[in-house]
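In order, the protein sequences belong to chains A and B.
Convert by adding 23 to the 1-based position in the first sequence; the result is the number in my numbering.
Convert by adding 16 to the 1-based position in the second sequence; the result is the number in my numbering.
By construction, these hints were calculated from the structure, which means they are not laboratory data.
Please note that a few of the clues may not be correct.
As the list claims (entries may be wrong) - Subject to a maximum C-alpha distance of 27 Å in a straight line, what follows is the list of computed DSS-like cross-link-like pairs (lysine-lysine):
(1) B:Lys269 with A:Lys285
(2) A:Lys50 with A:Lys65
(3) B:Lys269 with A:Lys281
Quick caveat, the model's predicted, so the values are computed rather than measured.
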Amino acid sequence: MAQNNFLIQVKDLKKYFYKEGLFSKDKRPIRAVDGISFSIRKGETLGLVGESGCGKTTAGKSILRLIEPTSGQIFFKGRDILRLNREAMRNLRPHMQFIFQDPYESLNPRMKVEEIVGEGLEVHRIARGKEKSRRVSELLEKVGLHHQDAERYPHEFSGGQRQRIGIARAISLNPGLIVADEPVSALDVSIQAQILNLLMDLRDQLGLTYLFISHDLRIVKHISDRIAVMYTGKMIEMANSEDLFKRPLHPYTQVLLKAIPKLEPSQQREKTLLREEHHPLPSDQGCLFQPRCPHSREKCQTEDPLLLDEGEDHFVACHFVS
Amino acid sequence: MKIENSQNRPLLEVRDLSIHFFTEEGVIQAVENVSFEIYPGEILGLVGESGCGKSVTGLSLLRLISIPPGRIVNGHITFDGRSLSNLEEKEMERVRGNDISMIFQEPMTSLNPVFTIGDQIMEAIILHQGSDKTEARKRAIKMLDRVRIPSPDKTIDSYPHQLSGGMRQRAMIAMALSCQPKLLIADEPTTALDVTIQAQVLGLLKEIQREMGMSVMLITHDLGVVAEIADRVAVMYAGRIFEYGPIEAIFGKMRNPYTRGLMTSIPQLTEKKDRLNAIPGQVPDPMDLPVGCKFHPRCYLMIEECKKEEPPLFQVNGDHFSRCIRWKECC
Chain A
24 MAQNNFLIQV KDLKKYFYKE GLFSKDKRPI RAVDGISFSI RKGETLGLVG ESGCGKTTAG
84 KSILRLIEPT SGQIFFKGRD ILRLNREAMR NLRPHMQFIF QDPYESLNPR MKVEEIVGEG
144 LEVHRIARGK EKSRRVSELL EKVGLHHQDA ERYPHEFSGG QRQRIGIARA ISLNPGLIVA
204 DEPVSALDVS IQAQILNLLM DLRDQLGLTY LFISHDLRIV KHISDRIAVM YTGKMIEMAN
264 SEDLFKRPLH PYTQVLLKAI PKLEPSQQRE KTLLREEHHP LPSDQGCLFQ PRCPHSREKC
324 QTEDPLLLDE GEDHFVACHF VS
Chain B
17 MKIENSQNRP LLEVRDLSIH FFTEEGVIQA VENVSFEIYP GEILGLVGES GCGKSVTGLS
77 LLRLISIPPG RIVNGHITFD GRSLSNLEEK EMERVRGNDI SMIFQEPMTS LNPVFTIGDQ
137 IMEAIILHQG SDKTEARKRA IKMLDRVRIP SPDKTIDSYP HQLSGGMRQR AMIAMALSCQ
197 PKLLIADEPT TALDVTIQAQ VLGLLKEIQR EMGMSVMLIT HDLGVVAEIA DRVAVMYAGR
257 IFEYGPIEAI FGKMRNPYTR GLMTSIPQLT EKKDRLNAIP GQVPDPMDLP VGCKFHPRCY
317 LMIEECKKEE PPLFQVNGDH FSRCIRWKEC C
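Isolated chain B (complex conformation) (with noise of 0.2 Å):
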């Protein structure tokens, strides 16, 4: 689903988040800066590899980042017109489960093992709609039938260790849609599963997300994974964003050297069986960030200006934005 026009509000809007650790090593700006929007309906790839602060940044949405060591130390986050960032904890509890849900990756260690699926998808309907037990039954098996869970009636009763992988991100779907929430975040939901998996969870969540006019937080490090649904995407580089816009701008002509990298670091099936054109180097110790832009070290587009100061994100088109001085010449 496209953006209609710039006369919609954004569901979510984050604007300038900073989130440092401070740890007796030293401090680790996971997250520096960052501003984007997600707005109804639609889905945001939050794509980068790891340590660059994509899933400290969905965390930090629903205020799960441990603090300390962790603390937001500037920014500000507003979601369907209220300021999220200056909610007191128990409301903050309403908003957990009911309007923003979250997935993460690994469906094992983040199901409960010792309550049957039916029971944790029960709980957040019960606490967050006051519905009473059987009705929350009702529900639950009507969700997990949503999700395609077979013979959901008695899948109901099984434990999550008696479900296979993808059955049990399924459940944990049917647990996150159970509020009808206006935004879900989906950390890394398909990369512990397998290929043929990933491709039926990845459909399954377009399917409802269409259909509930939800709008997801996709944060993967799987470009292909963003590409199979997301209608805009964020590319992050150690805690900042460094490419943000709509999917067919970006895939299309991308304009930041790192994106590119990225993107020609996966063989493409068509390809013939030359080297690929790889990064060099790796990715910075966060505690020990390189002066300028993040990135210049590894780029192929360096020049001595890079190295003095970080650039900011420039405008490529409309609401295309790449963060790199030569983004004209890229790629």
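Chain A extracted, bound-state conformation (with noise of 0.2 Å):
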């Protein structure tokens, strides 16, 4: 495959948490993301998906280096980003923007809305001033809300508007990769569906591409070109988001998409009971689902399963499976 097709290619990324003291007796770090690939190419929208404590975030918040990454490799637009030092990497960042899940908590509370959005502007010395001020009224039209919002402060909105002004902050430097984490969750299901519909439209409008992290597979297959599946730090299966959901591989794929809510009175569907739920320790050996998995066998418990193509640009990794 070409390179310059991928806008971002991420090999085997890795972000450890080492618990600090002295008297700390488990020296094993948490892995968060333990190791996990994957590329987007320019106009893609890549679901990550899976399930609190899954690495979603961290992954997400990794690629723009706003966590450090361990280990691995980072390639945006063909460069490594994790060897940038600085100033090179300072300069990358309007390519690249990130969008919060909680809109109560990512605005600056003491800053005005046109501060906000304008900030990056003014930091990367593209506009400011009267032209700052231009450039923020269009941004803030193009994500629905007006141009005297400008002058007020975020508490002024709700949670649906508040997620405008993060959005217009996001697009206000014409990035070519937006990171989106869960940034709908925290809303109300009618307005999700408002900022759903403004997301795919700025897609459009701005050729944008997205890596959307959500624990909503519904949400997830509505917005995303491919999806990636999660758990507990590594990656279990990747497919085109058509493919995944006739064709879900890895059992841990099964029974997510078992447990989704359906829109219908329910009759006595099937749901596949996942045994205990399991913290696992972080383990060298074996598959970290296996304790919860119903097919689990000796391979299993000894062996990590790798993430192997099963055709059609379909990832699984899983024993069972291949």
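Two chains, each in its own frame: build the complex with the hints.
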């Protein structure tokens, strides 16, 4: 595959959290992200899905170096950004932006909207004064707000409106890549739909590439071209959206899909019950899903399955499938 | 379980319930003229987005609203033939945890962190059933086993922080069910849980509910959850009930534009990736509600008449009701 097709390529990304303290009995690190690899083509949307604690938010932040990765490579337009010094990284930042989950915490309450949305323009010396105001007005209109909103403070807005402000901020520097971390999870259902529509419209208008992180498979499917499923720090399945839903291969993906509440009154729908919840200690051997897997066999306890291509760009990490 | 026939007396009857909050900035009409019933052995879903009044409704049944600033300005609550509205606080205490029980959204903040879950379960049993500690402990272990907590005889001595979210929620269910209440109020019981754990907990609730013949008032913002286990549903908006009826009727053919908006806002797995039919605008400021129908500024069926007077609940069919003058054209 041609290198220049991919806007971003992540190879074996790891982020471990080491417990500090002299008296810490357990020296093993928390392997929040444990060697994930994926690529996103320009204009594509990759959905990153998984339940709480799977590492998806840490992965998203690591990719933009909002958290420093422990190891791995992140190629943005062909350059490994982990090798860049501070200056070079700073110059790259306008090209890759982040949208946060909590609209109540991601906006500085002491800054007016104009300052929040225009800060990047100012800092990167792209625009200031009247020109900055003009651009901010344009951005606000683009995300469905009014140009007068520039004079107001975040607390004067609802959750959905604040999220729009966050989006305006994210697109202010004309980025190529946006990492959206659960951008609609904190919003009511009817507002979620509005914001999703906005994100999709902006994607078309501005040619954006998204890494869309969410625990909600319904939303992820709606907006993503491809979906990657994470479980305790590892990528266990990755495929085109349609294909993942038609043909989920990994047992965990299958359970995830079955667990989605559907909008039809339920007749006795078959639900695979997972065995008891388990918070696995970081182990060096074996599949981490094994304790909860209905198909577990001996090999699963000793050998960590690799992410393999099962055909048609559909990747799975599971001994049972291969 | 379906409603058998009109001769069934409701277990819980709420009539014209209005709850207002009197704050410095103004009066919030949190719940306005809300009426509904819950029959023995059935699950009623109370659905709506944030601020619609569903939690306040649930809390008011057990008199858990802070008064002041809240006040029940109107209405009547009847439970198992008795008026709850007129009970003395001491009598209300005998109802709470015994006849009517409640579970909440965040199990970590609802369980007392300094007591073991065993202590918390046993407390209710000892208080309401007059059992001694040994007997209470036996029953608590049985209850933990029933909610499928592994090694219940050991887990009973755990503290809440030692359990995962799903386990805590199960512990809370065990606590709520320990005195075999006739009605369980579940306020967003699975919202804070991962989807796979949510499915398990919902399945468990339904199973136990059937087994015990208990009624459940399930408060949630998630229509999918309602479709999953409820028998009937009440959709709330801005403190009012907008649609009310059996699940099959409402999910089969809803008759209220707000309900429709809620449904179409949720991406369906079979859909193509077009824009979602989002409801424009936002939930009104509860201190500044629009005149007439509270939903009219956002409604695709809105006409002049909608701005004038708030519509009553129209009977669509049998026990299916909708608060919309154009319900026949919906949806």
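Hints broken by the structure, by number, lowest first?
When the structure is compared with the hints, only number 2 turns out to be violated.
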